[in-house]
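J.: Working from the sequences, and respecting the hints, build out all of it.
Everything in the sequence shown is counted per the working numbering, starting at 3 for the first residue and increasing by one.
Read the hints as simulated data drawn from the structure, not as lab findings. Be careful, since some hints might not be right.
With a straight-line cut-off of 30 Å between C-alpha atoms, the simulated DSSO-like cross-links for lysine-lysine are [unchecked claim]: (1) K58 / K85; (2) K82 / K58; (3) K82 / K71; (4) K58 / K71; (5) K41 / K85; (6) K41 / K82; (7) K85 / K71.
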Amino acid sequence: MSVKLRLPQPEGFDIEASWYYRDGEVLPVPVDYSKLAEKQRQRLLNEAKEITSDWKTELELGTISDDDKVRLTQWMEYIKAVKALDLSTATDEISFDAINWPERPDAAA
Numbered sequence: 003m004s005v006k007l008r009l010p011q012p013e014g015f016d017i018e019a020s021w022y023y024r025d026g027e028v029l030p031v032p033v034d035y036s037k038l039a040e041k042q043r044q045r046l047l048n049e050a051k052e053i054t055s056d057w058k059t060e061l062e063l064g065t066i067s068d069d070d071k072v073r074l075t076q077w078m079e080y081i082k083a084v085k086a087l088d089l090s091t092a093t094d095e096i097s098f099d100a101i102n103w104p105e106r107p108d109a110a111a
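T.: The following block contains the structure:
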């Protein structure tokens with residue numbers, strides 16, 4: 003079976019995108035920017051957790067090098083800053099784009 007969309011399609015329409023049909027119109031699904039920001043925060047925290055996991059184990063075992071201890075501290079400060087962000091203001095594309103995400107410690111190197 004094949005379905006062919008013959009309605010006028012809005013600019014930027016893509017069959018893979020999130021669209022819905024209502025009252026004779028094909029409309030984009032509204033973006034929940036607050037939810038999108040929270041997903042970004044979680045992605046950043048997951049990356050940081052992956053990067054720091056070995057250092058945390060080494061710290062617990064007392065085998066961490068001084069350099070890695072400094073790096074772990076920098077990453078923990080980064081994690082704290084990411085967690086502290088107020089994302090409730092992300093209500094539209096402009097406010098989402100204005101979120102001042104902390105710089106990753108390895109980006110400063």
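J.: Going through the numbered hints above, which ones does this structure break? Give me the numbers in ascending order.
T.: Of the numbered hints given earlier, the structure breaks none, since each of them holds.
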